[in-house]
Amino acid sequence: MPTIPAQLNCFTRLIASPPYRSSQFKTFRNCFRYFVNRPCSHHLLQHRRQLLCRRHSSFYRRFCVSSIHNSTPAGEERYDVIVVGGGHAGCEAAIASAQLGAKTLLLTLNIDRIAWQPCNPAVGGPAKSQLVHEVDALGGVIGKIADRCYLQKRILNISRGPAVWALRAQTDKREYATEMRKIVESTPNLSIREAMVTDILLGNNDNIKGVRTFFGMDFFAPSVVLTTGTFMSGKIWVGRTSMPAGRAGESASHGLTENLQRLGFETDRLKTGTPARVDQRSVDFSGLEPQHGDDEVSWFSFDPDFHIQREQLCCYLTRTTKSTHQLIKDNLHETPTYGGWVEAKGPRYCPSIEDKVVRFKDKESHQIFLEPEGRDVPELYVQGFSTGLPERLQLPLLRTLPGLENCSMLRPAYAVEYDFLPAYQCSRSLMTKKIEGLFFSGQLNGTTGYEEAASQGIISGINAARHSDGKPLVVLERESSYIGTLIDDLVTKDLREPYRMLTSRSEHRLLLRSDNADSRLTPLGREIGLIDDRRWKLYQDKQARISEEKKRLKTVKITGGDLSADVTELSGQPVKGSSTLENLLKKPHIHYKVLDKHGFGNEHLSKMEKDCVEIDIKYEGFINRQKSQLLQMVHRQHIPLPQDLNYHDMTTLCIEAREKLSKVRPQTIGQASRVGGVSPADITALLIILETDRRKVQQQKRHQIVEQIKRDADQNVSKVPSS
Amino acid sequence: MKFASFSATERTVVLNNDARVTLNSDPVADSSATIAAIVTSIGGPPGAVGIVRLSGPTAVTIVSKVFSPGLKNKKKNRDSYSWKPTSHFVEYGLVFDSDDNVVDEVLAVPMLAPRSYTREDVVELQCHGSEVCLQRVLRVCLEAGARLAEPGEFTLRAFLNGRLDLSQAENGGFSSLVRSLRIQCIELLTEIEARLDFDDEMPPLDVDLAMDKIRAMSDHVKDALETANYDKLLQSGLQIAIIGRPNVGKSSLLNAWSKSERAIVTNVAGTTRDILEADITVHGIPVTLLDTAGIRETEDIVEKIGVERSRAAAMGADLIIMAVSALEGWTLEDTELLDRINCNKSAYESSSPVILVINKIDCVPNASSKWVNNSGYTFVKCIFTCAVTGQGIQDLETAILEIIGLDRIPRGGRKWAVNQRHCEQLLRTKDALLRLMSTIDDEMPLDFWTIDLRDAAMALGQISGEDISEEVLSSIFSKFCIGK
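Heads up: the sequence lines are chains A and B, in that order. If you number the first sequence the way the UniProt record's numbering does, the last residue is 723 and the count never jumps. If you number the second sequence the way the UniProt record's numbering does, the last residue is 484 and the count never jumps.
Careful: at least some of the hints might be erroneous.
As the list claims (entries may be wrong) - Examples of chain B residues lying across from chain A (beta carbon under 10 Å, computed):
1) L196
2) D279
3) M444
By construction, these hints were calculated from the structure, which means they are not laboratory data. Beta carbons are placed, not taken as given, at the ideal position from N, Cα and C, and that holds for glycine.
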């Protein structure tokens, strides 16, 4: 069988369309596309057809099974999906894959560090919370665990509009890891094993066959998800001193980078850092501003079974002082960035304290948050204070902060440098373009954050399982979700700094809110198979209640009375004559609570449901406007681009655009327009070329048909006399 | 069955029996054919010169078949002669038809690839301007192997060959205004977005400052739209209907204004029975004046028709001048007349403004100070004229400019051209900014500001070509028949 280059992939839209019940989000139907992501060369098609036939002939056994397992030689183990790495991406991927029925193996360097939170003890925040809600809506786990292990919860941005409301949970990091491990260990079809993967095994068609470990074990599977985080050739730095490590105290993984490079993957270096931890018993909180959690706790998960209230802990706010800034300025040469001995790029969005002091010279003080790391550990996370200064300077620096004058440091701040794979090498299913069946996810793709990792994890887990089952891969369109936006950015933008999700990265965030994450994605999760009957029923009942309530508010009218007076006063707009409850709710500063207060609310609704109703009604005009903006864009954005386009020949595109497009090979026009260095004029030219080509092909076909008819007719003419 | 299918295809077979005849035209190769068309306007009054343009790889070959430089070159010379033009050098010569009859005397302007509009070889034949000449020259070109260009095909070729992109096609002053407005939108968006994502690290947004910026942007957009309005008027002109009772001096006004004796003027009421037109220009804007029959109840059948036409003209005009006589003042008939006009206007949903002209002020000393508007109506303007002397005409023109909103545009200096597509996007920008201001006034949360701001930026992007929408592209695709 000849080797088929992976570039020959073609994309066919599948007929499947998720069964949307809720008419209010009908337009989102357009946002999901399913792509069959399979090589389309004739040989390979044939090969795949044979494979599929073989699979089907085994009578609906969906995944390769124990019979094959039994027949393998000793020392070989066969799975459907292998996930390498047990962080937030790896866990999400492994659990999703196993839940879909794939026999899944999770390989991790250290079972005790599964789902560890090496940096801040928190989940959520602006844009990240939307990711968590979305993963939960698809059937993932991060939201449930954050809900179970929270120390404190707050909604940020509450006055800025529902699209940017952001739930943030401080979490108990030990409990978090324990809870995740419990789930991983109790998921059917999922095995765990400690191992360091050093190589990947290829089949004959540039497809993945399995992985090889440091100690020489081979594990076989048609789908492999790499989620190695900061571990690939990881190196941690404290001041000028470095050692190979993925995280403080954990050894790095070596060999894999070189082997991926050998297969033609481009790798690059990134850097990130984590601040020091201090002993809270040594901190004087008396002068610090406390930050309490919300009285009414909100939840990441749409599953009420996980809504269990707990006692909340407090965070504290302190600030940098003149002497903090002075100490940093005096010792800049001691930091890796300014001393010049670490070249890898760090995140702009999560700058070290020395970066903040240098870059924002005018700012006299920066906020620093002190966050507990658990209920029964004394560690405090000093948020906003990561540094590359040597350890001997770190304690004096911490002690310049009010409240920390006498603190003791438990762990020093450190920076970590690691290999990542620029994600343009993946398609939006997160499968690599080069090697069929190999998926990349998480920090390995250049992101930062547990939420970003989990989002990629669930998608790659789903697709790894589907790939090993011969099913078409799932792609979330950019406009469907923050997850879609995240992945689209990763695979098109050729990013060279750690990527953090921000609300401003989404062009249509008013449609991608926390409150509607379930109505956007749960039907898809159901179709994929991650939403069980219980969850599905919960979801449908909720949607029904919301739509009933909206109907009720439209029909119930009030005339005068206390409610009317209250609304007039609160909104500053007089209520004339009789008015529907819906109209009252549309007035400024009128919330559902006002209806509740006067007995016009619906007591059968939860707070979440009331929020949904209020948002749908209050912001209807804006939501509709944004929807029409989206529709305007989507038509053009979703035009597929053939994967065999020769961009180099397109002389009407500028040279940079030709080069970038050849490298990234976008799947749609929308993606092409987001590739750096591609101007709108290039896109116009590209569209024209596509259209011209299309018409040429059409004309050629027509021409051929005409020729065929002529030939047939000719034959008829010659036959008729003889017959 | 077999027989039926045979008979169905029979006709095709008969026509295409000879493969040599049929298979010459490869439809795919057509886009490289040489096209020709008359590119100056025809149908109107003939200009002195008209142009036939050819573009394509065989443009020079085709022209050399029909054109020979210099005077009176006869057939013999032409057969052996092959025209070898130097790019961008004008050559004088004659165009011949296939029978060697001279068709026209022309100037040939060769512009060889890639230094031409379409980046192909282009030859322009500047002929005499009459349509007959032009059609004949075009015909000989077509006979010599050119194909008649589809509408817009020259531009399409320019576009396909990378000659123009949409953004470059726009002109200077307007582009830079649009770009600067778009940048302002995006800057404000960035300010807001930063506060949504990095709440802790940013000072609060200065709402007053933001509001000032938005107001200033809104004003700029309005200015641009007014310019657009002026451009439209320059193209389409303005229709002004003069109405009034018989014998208030409508025709005199028309004559005085147009400085002609277009209308017959007598002091017999009902002299003008049909609509008279006179073309004038007011500050560069073409204006058509419609002098109408005096509107009155009449038994005269001809005059009756005239009166009906007057009413209809008043409905169709952009502006109505209601003329009354200073001598008689506002009369009951004037009220009836205007009532009827207003009634019609509301029926036709016309909103043409009405200017009151008090004519014949020469007959009443101090007419302007004595005039009291006791009509019970309000007019956008009230002008005193004496049609016989031309007094007040200047005031009338100034009033008209003010009403159509062009008084603020510097005379003689329009800043840019704005086409219909731009105009639509400017309107969209204006609406978005207005909505944005009301969003802020309603104290909506910060995030909602971004929606209309984004809409404004998108609309401006459509103009500048930064953001090209579906509709623009589909208009390119449909108008230019790409791929044919």
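Okay, which hints does this one fail, numbers in order? 2
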